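Participant: Okay, here's what each chain looks like letter by letter:
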Amino acid sequence: GENVEQHPSTLSVQEGDSAVIKCTYSDSASNYFPWYKQELGKRPQLIIDIRSNVGEKKDQRIAVTLNKTAKHFSLHITETQPEDSAVYFCAANTGNQFYFGTGTSLTVIP
Amino acid sequence: NAGVTQTPKFQVLKTGQSMTLQCAQDMNHEYMSWYRQDPGMGLRLIHYSVGAGITDQGEVPNGYNVSRSTTEDFPLRLLSAAPSQTSVYFCASRYRRTGEEGTEAFFGQGTRLTVV
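The listed protein sequences derive, respectively, from chains S and W. When we follow the working numbering, the leftmost residue of the first sequence carries the number 42, and every step to the right adds one. When we follow the working numbering, the leftmost residue of the second sequence carries the number 3, and every step to the right adds one.
Hints were generated in silico from the structure; no laboratory data involved. This one's a predicted model, so the numbers in the text were calculated from it and none came from an experiment. C-beta: ideal position from N, C-alpha, C; glycine also. A few of these clues could be false.
Said to hold, decoys possible - List time: in silico DMTMM-like cross-link candidates among lysine to aspartate or glutamate, alpha-carbon distance up to 25 Å: (1) S:K99 - W:E106; (2) S:K83 - W:E32; (3) S:K78 - W:E103; (4) S:K98 - W:E103; (5) S:K99 - S:E124; (6) S:K63 - W:E61; (7) S:K112 - W:E61; (8) S:K78 - W:D40; (9) S:K63 - W:E106; (10) S:K98 - W:E106.
Unchecked claim - Covered stretches of chain W (in silico footprint by chain S; criterion: 3 or more residues with CB under 8 Å from a CB of chain S, positions within the stretch not fixed): (11) 49–60; (12) 63–75; (13) 104–117.
Unchecked claim - Partial selection, computed: residues in chain S whose CB lies under 7 Å from chain W: (14) S69; (15) P85; (16) L87; (17) G142; (18) S146; (19) T148.
Kindly generate the complete structure, drawing on both the sequences and the hints.
Facilitator: What follows is the structure, encoded as structure tokens:
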């Protein structure tokens, strides 16, 4: 099956700085790569996603890049704010299953 | 729309007890899944369903049963609870896109289960 690895597991940044989270996947058939944000005690919620036929997607301060050849994709958050503090999960979709990374705990220091 | 509704929110069980976690969605999604979330391990798939009457095992299915008699409901049954099943459980649903392309998963609010 698919194997998704996510790094780093924890990340601290100063408010206003950028944060980058990276994921790799193993199955070249994976075709959809969502990113979820989970605040403490809450459910995961989609913040951005990208399909395998697209290299980059941006939504305000959040962007995702995908390198199919290298099988890795990254989440970029610019101008970080304290409300960006949360756990972020990447995932890869293969067939009818999602495979999640182990999560990155992001802390934005005011 | 209520989205994905899970009950209960919290549950404490004794070892050996059985229980059912309820999950319902009102978005007419074909796909439904159960995940468990443990510290440092992300979300691991327990069981999933691609439609009413169809279920399959995920990554960590042992000790759990599911059924899908309707599109809306996907209950998860713990047959004989063990301390190793202490976790946070999430139900999720998403619609099916042609060609098995991925679609956004919508999660329930989670069930925090403790087995003592």
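Participant: A separate judgement is required for each hint: does it hold in the structure or not?
Facilitator: Evaluation of the provided hints:
1. Under the criterion of a C-alpha separation no larger than 25 Å, the hint pairing S:K99 with W:E106 is consistent with the structure, at around 17 Å.
2. The hinted pair formed by S:K83 and W:E32 meets the criterion: a straight-line CA distance of about 24 Å does not exceed 25 Å.
3. Our distance criterion of 25 Å between C-alpha atoms is met by S:K78 and W:E103, whose separation comes to about 22 Å.
4. About 18 Å separates the Cα atoms of S:K98 and W:E103, which keeps this hinted pair within 25 Å; it holds.
5. For a cut-off of 25 Å, the pair hint linking S:K99 to S:E124 stands: about 19 Å separates their Cα positions.
6. As the CA atoms of S:K63 and W:E61 are separated by approximately 23 Å, the hinted pair is consistent with the 25 Å bound.
7. The hinted pair formed by S:K112 and W:E61 meets the criterion: a straight-line CA distance of about 22 Å does not exceed 25 Å.
8. Distance hint between S:K78 and W:D40 is fulfilled; the C-alpha atoms sit about 16 Å from each other, no more than 25 Å.
9. Restraint check for S:K63 and W:E106: satisfied, since their Cα atoms lie roughly 20 Å apart, inside the 25 Å limit.
10. Our distance criterion of 25 Å between C-alpha atoms is met by S:K98 and W:E106, whose separation comes to about 16 Å.
11. Using a Cβ-Cβ cut-off of 8 Å, 3 residues of the region 49–60 of chain W lie near chain S, which meets the minimum of three, so the contact claim holds.
12. Coverage of a stretch by a chain is defined here by at least three residues with a beta carbon nearer than 8 Å to that chain's beta carbons; for the region 63–75 of chain W and chain S the count is 0, and the condition is violated.
13. Counting residues of the region 104–117 of chain W whose CB lies closer than 8 Å to any CB of chain S gives 8, which reaches the minimum of 3, so the coverage claim holds.
14. A hinted interface residue such as S:S69 counts as satisfied when its beta carbon comes closer than 7 Å to some beta carbon of chain W; here the least separation is about 15 Å, so the hint is violated.
15. Here the hint on S:P85 is kept, as its CB sits about 5 Å from the closest CB of chain W, short of 7 Å.
16. Checking S:L87 against chain W by beta carbon gives a least distance of about 5 Å; that is within 7 Å, so the hint holds.
17. For S:G142, the suggested interface contact is upheld, since its CB lies about 6 Å from the closest CB of chain W, less than 7 Å.
18. Hint status for S:S146: violated, given a least beta-carbon distance of 10 Å to chain W, over 7 Å.
19. A least Cβ separation of about 16 Å between S:T148 and chain W goes past the 7 Å threshold, and the interface hint is therefore violated.
Of the numbered hints listed earlier, those contradicted by the structure are 12, 14, 18, 19.
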